[in-house]
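Respectively, the protein sequence lines represent chains A and B.
Mapping the first sequence onto my numbering, position 11 (from 1) lands on 11, and the numbers just tick up by one.
Mapping the second sequence onto my numbering, position 19 (from 1) lands on 19, and the numbers just tick up by one.
Heads up, a few of these hints could be off.
To be verified - Calculated pairs, DSSO-like style, for lysine-lysine (alpha carbon to alpha carbon, straight line, at most 30 Å):
no., chain 1, residue 1, chain 2, residue 2
1, B, Lys144, A, Lys209
2, A, Lys73, B, Lys337
3, B, Lys184, B, Lys198
4, A, Lys209, A, Lys4
5, A, Lys184, A, Lys341
6, A, Lys209, B, Lys4
7, B, Lys144, A, Lys4
8, A, Lys325, B, Lys73
9, A, Lys4, A, Lys177
10, A, Lys73, B, Lys311
11, A, Lys144, B, Lys311
12, A, Lys311, B, Lys73
13, B, Lys209, A, Lys144
14, B, Lys341, B, Lys177
15, A, Lys73, B, Lys57
16, A, Lys4, B, Lys209
17, B, Lys57, A, Lys57
No wet-lab data here; the hints were simulated from the structure.
Number of protein chains: 2
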Amino acid sequence: MTVKTRFGSYTVEFRTLAEAFAALPRDRFVITDENVGRLYQQNLEGEPTIVLTPGEKSKSLPVAEHCLETLAKRGATRQTTIIAFGGGVIGDLAGLVAALYMRGVPYVQIPTTLLAQVDSSIGGKVAVDLAAGKNLAGAFYPPKEVLIPLDALRTLDKRQFRNGMAEVWKYAFIADKDLLGTLKAKVPNCSNNVNNLKGIVQRCIEIKKGAVEADEFETSGARAVLNFGHTVGHAIESATGYSGIFHGEAISIGMVAESYLGEELGVTEAGTAALVAECLQLQGLPIELPTSIHRSELMSLMSRDKKRASKGLAFSLLTRIGECKLMDGVAQSNVEKVLNKL
Amino acid sequence: MTVKTRFGSYTVEFRTLAEAFAALPRDRFVITDENVGRLYQQNLEGEPTIVLTPGEKSKSLPVAEHCLETLAKRGATRQTTIIAFGGGVIGDLAGLVAALYMRGVPYVQIPTTLLAQVDSSIGGKVAVDLAAGKNLAGAFYPPKEVLIPLDALRTLDKRQFRNGMAEVWKYAFIADKDLLGTLKAKVPNCSNNVNNLKGIVQRCIEIKKGAVEADEFETSGARAVLNFGHTVGHAIESATGYSGIFHGEAISIGMVAESYLGEELGVTEAGTAALVAECLQLQGLPIELPTSIHRSELMSLMSRDKKRASKGLAFSLLTRIGECKLMDGVAQSNVEKVLNKL
Numbered sequence: 001m002t003v004k005t006r007f008g009s010y011t012v013e014f015r016t017l018a019e020a021f022a023a024l025p026r027d028r029f030v031i032t033d034e035n036v037g038r039l040y041q042q043n044l045e046g047e048p049t050i051v052l053t054p055g056e057k058s059k060s061l062p063v064a065e066h067c068l069e070t071l072a073k074r075g076a077t078r079q080t081t082i083i084a085f086g087g088g089v090i091g092d093l094a095g096l097v098a099a100l101y102m103r104g105v106p107y108v109q110i111p112t113t114l115l116a117q118v119d120s121s122i123g124g125k126v127a128v129d130l131a132a133g134k135n136l137a138g139a140f141y142p143p144k145e146v147l148i149p150l151d152a153l154r155t156l157d158k159r160q161f162r163n164g165m166a167e168v169w170k171y172a173f174i175a176d177k178d179l180l181g182t183l184k185a186k187v188p189n190c191s192n193n194v195n196n197l198k199g200i201v202q203r204c205i206e207i208k209k210g211a212v213e214a215d216e217f218e219t220s221g222a223r224a225v226l227n228f229g230h231t232v233g234h235a236i237e238s239a240t241g242y243s244g245i246f247h248g249e250a251i252s253i254g255m256v257a258e259s260y261l262g263e264e265l266g267v268t269e270a271g272t273a274a275l276v277a278e279c280l281q282l283q284g285l286p287i288e289l290p291t292s293i294h295r296s297e298l299m300s301l302m303s304r305d306k307k308r309a310s311k312g313l314a315f316s317l318l319t320r321i322g323e324c325k326l327m328d329g330v331a332q333s334n335v336e337k338v339l340n341k342l
Numbered sequence: 001m002t003v004k005t006r007f008g009s010y011t012v013e014f015r016t017l018a019e020a021f022a023a024l025p026r027d028r029f030v031i032t033d034e035n036v037g038r039l040y041q042q043n044l045e046g047e048p049t050i051v052l053t054p055g056e057k058s059k060s061l062p063v064a065e066h067c068l069e070t071l072a073k074r075g076a077t078r079q080t081t082i083i084a085f086g087g088g089v090i091g092d093l094a095g096l097v098a099a100l101y102m103r104g105v106p107y108v109q110i111p112t113t114l115l116a117q118v119d120s121s122i123g124g125k126v127a128v129d130l131a132a133g134k135n136l137a138g139a140f141y142p143p144k145e146v147l148i149p150l151d152a153l154r155t156l157d158k159r160q161f162r163n164g165m166a167e168v169w170k171y172a173f174i175a176d177k178d179l180l181g182t183l184k185a186k187v188p189n190c191s192n193n194v195n196n197l198k199g200i201v202q203r204c205i206e207i208k209k210g211a212v213e214a215d216e217f218e219t220s221g222a223r224a225v226l227n228f229g230h231t232v233g234h235a236i237e238s239a240t241g242y243s244g245i246f247h248g249e250a251i252s253i254g255m256v257a258e259s260y261l262g263e264e265l266g267v268t269e270a271g272t273a274a275l276v277a278e279c280l281q282l283q284g285l286p287i288e289l290p291t292s293i294h295r296s297e298l299m300s301l302m303s304r305d306k307k308r309a310s311k312g313l314a315f316s317l318l319t320r321i322g323e324c325k326l327m328d329g330v331a332q333s334n335v336e337k338v339l340n341k342l
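Using the sequences provided together with the hints, build the complete structure.
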């Protein structure tokens, strides 16, 4: 697959991990985390590597600065390619490091989690978090290449696998009724032969590619619809300090909440929210707001969401299964009502 | 004047300070420093403003992060325009903050120093420094508009004025024999009526615009020739910890050094270095390496310069007055020889 961007285009290809590393440019520098580094010690032997602490906390400007200083100290030049080898946190962070180092060096994404393979590795959005919110400092900086190693999914534990499946279901809900049928029929789990996932992962990437090419810089709304479940989901992640709950789990709850919100607003076909909840529950994903999270805190976090352009809140809402649209100016009272029912 | 970029084009226009502020978009946020903030208190009344400590030390990722957090806390959105109001440090920093905030918001440059007006405000290069070197973390991120307030030059002290004149002479040396004639005939100083500088500033911006349009991302060498004097100059600034010596003073010494280097290599017409030194001395700029700086330290700093693509060092060297070219792979021994003579 080829993704077109305003800076040229890049390819997205399935490769085994061994094939991926064999195909990389010689002058390179790997950024990864301790978990991935431990699992793939063999692939990383002899590689110049920066190994970070796993988790969202590493998506910060101080960690980016540490990477930049390390690259400079170890002699990386404008010709050096950064390899983002890991999940979404590593992809977002290493991509931003590549965007900034000497005003931009090439980078290649090798996403090792299902979540990163179907979502964050595609589209050139890179970022770190601020205290004030997730992904608030970043850039649109497309990779030179995305290499998808399905074999890396074998090492995911069940919870991490479900975490990625939340985004897979999202694509089905917002854009592909047929994909929803496939998912409901087999509810993929990590004990499946990973190569059986190829068709599903490919379909997700195609949907993402379509949205990204239509709206690379997220200005028209065509890309923002991918954020179904994310306005509420990001607030949940933020309220829990990005620990305890995974991104996919937060957006799973978010998708249910935003489906009920859509029904409340008369945008979403009645009965859709119940179906969304049923599907996510089949996958073993959470669909209820943890009692530890205060509704009022979620409201205040959502009002800072960067998709917001006007008064009121912005949501990507389903119209029916397989279709969605961006709604701006949603009244807080409607959101409160739905959250209180959840 | 209009500068074309890969992201669209922007205008560079002369405006008084009062006109500049009157023309700004309503939804805006000014980034400035204490010196500029004090001088232009009146213009800034009622403006949402971030006021930074003056000096190169503010060109850091932690200071950028402080600005980003402040923007978020104070409710800046994707529609907010950042106003970079100050000299080169403020322009580079505020531009990077604009590039990163929510993955990019518009910004306008209002450069208040001669140095920023003729050089750093044009071309979309934004950056902060790392411990490992100057401008090592940044982006190519063009402004929406550059407004040049010549009246702001009235508040420059003599040393700051000369600081900017170093870049003005540079343009003459590398690209414009006629401009050199003008400069030698009148040697501008800050007590001149600032409007008399208009023609000179405009000519410098035209030369910069030409180089930037030919080579926006500094890949072909057409833009890198603007770095005449800067390989040695940056090393001098770095060796002095960006304090004590101004950028223009450092590149003044750098231009003399690199002219002698060019003659040593047989690239630069004999006698050019003496003329370069004579001109800069006329302007009251330094032309000798301070004895406090060790030649060996300069050598090691230069070997980390980010223009370097291969073994050896990269320099923009004059061929004769008004012409220059990029030279890669210059042997350290040649550079050492010249530095030892200086």
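Results for each hint:
With a C-alpha separation of about 29 Å, the suggested pairing of B/Lys144 with A/Lys209 holds against the 30 Å cut-off. Between A/Lys73 and B/Lys337 the alpha-carbon distance is near 26 Å, which keeps this suggested pair within the 30 Å criterion. The hinted pair formed by B/Lys184 and B/Lys198 meets the criterion: a straight-line CA distance of about 17 Å does not exceed 30 Å. Of the pairs offered as hints, the one joining A/Lys209 and A/Lys4 holds, with about 8 Å between alpha carbons and a cut-off of 30 Å not exceeded.
Restraint check: the Cα-Cα separation between A/Lys184 and A/Lys341 comes to about 26 Å, which is no more than 30 Å; the hinted pair holds. Of the supplied pair hints, the one linking A/Lys209 and B/Lys4 holds, its CA atoms being roughly 29 Å apart against a limit of 30 Å. Between B/Lys144 and A/Lys4 the CA atoms are separated by roughly 25 Å; this keeps the pair inside 30 Å, and the hint holds. For a cut-off of 30 Å, the pair hint linking A/Lys325 to B/Lys73 stands: about 29 Å separates their Cα positions.
With a C-alpha separation of about 26 Å, the suggested pair A/Lys4 and A/Lys177 falls inside the 30 Å cut-off, and the hint holds. Between A/Lys73 and B/Lys311 the alpha-carbon distance is near 17 Å, which keeps this suggested pair within the 30 Å criterion. Of the supplied pair hints, the one linking A/Lys144 and B/Lys311 holds, its CA atoms being roughly 25 Å apart against a limit of 30 Å. A C-alpha spacing of about 17 Å is found between A/Lys311 and B/Lys73, which places the hinted pair at or below 30 Å, so the restraint holds.
At most 30 Å may separate the alpha-carbon atoms for a hinted pair to count; B/Lys209 and A/Lys144 meet this at roughly 29 Å. Proximity of B/Lys341 to B/Lys177 is assessed by CA-CA distance (about 27 Å); at most 30 Å being required, the pair is judged to hold. A threshold of 30 Å between alpha carbons decides the hint, and for A/Lys73 with B/Lys57 the separation of about 20 Å falls inside it, so the pair holds. Between A/Lys4 and B/Lys209, the direct Cα distance comes to roughly 29 Å. Compliance with the 30 Å bound is thereby established for this hinted pair.
The suggested pairing of B/Lys57 with A/Lys57 holds, with an alpha-carbon distance near 26 Å, which does not exceed 30 Å.
In summary, this structure violates none of the numbered hints.
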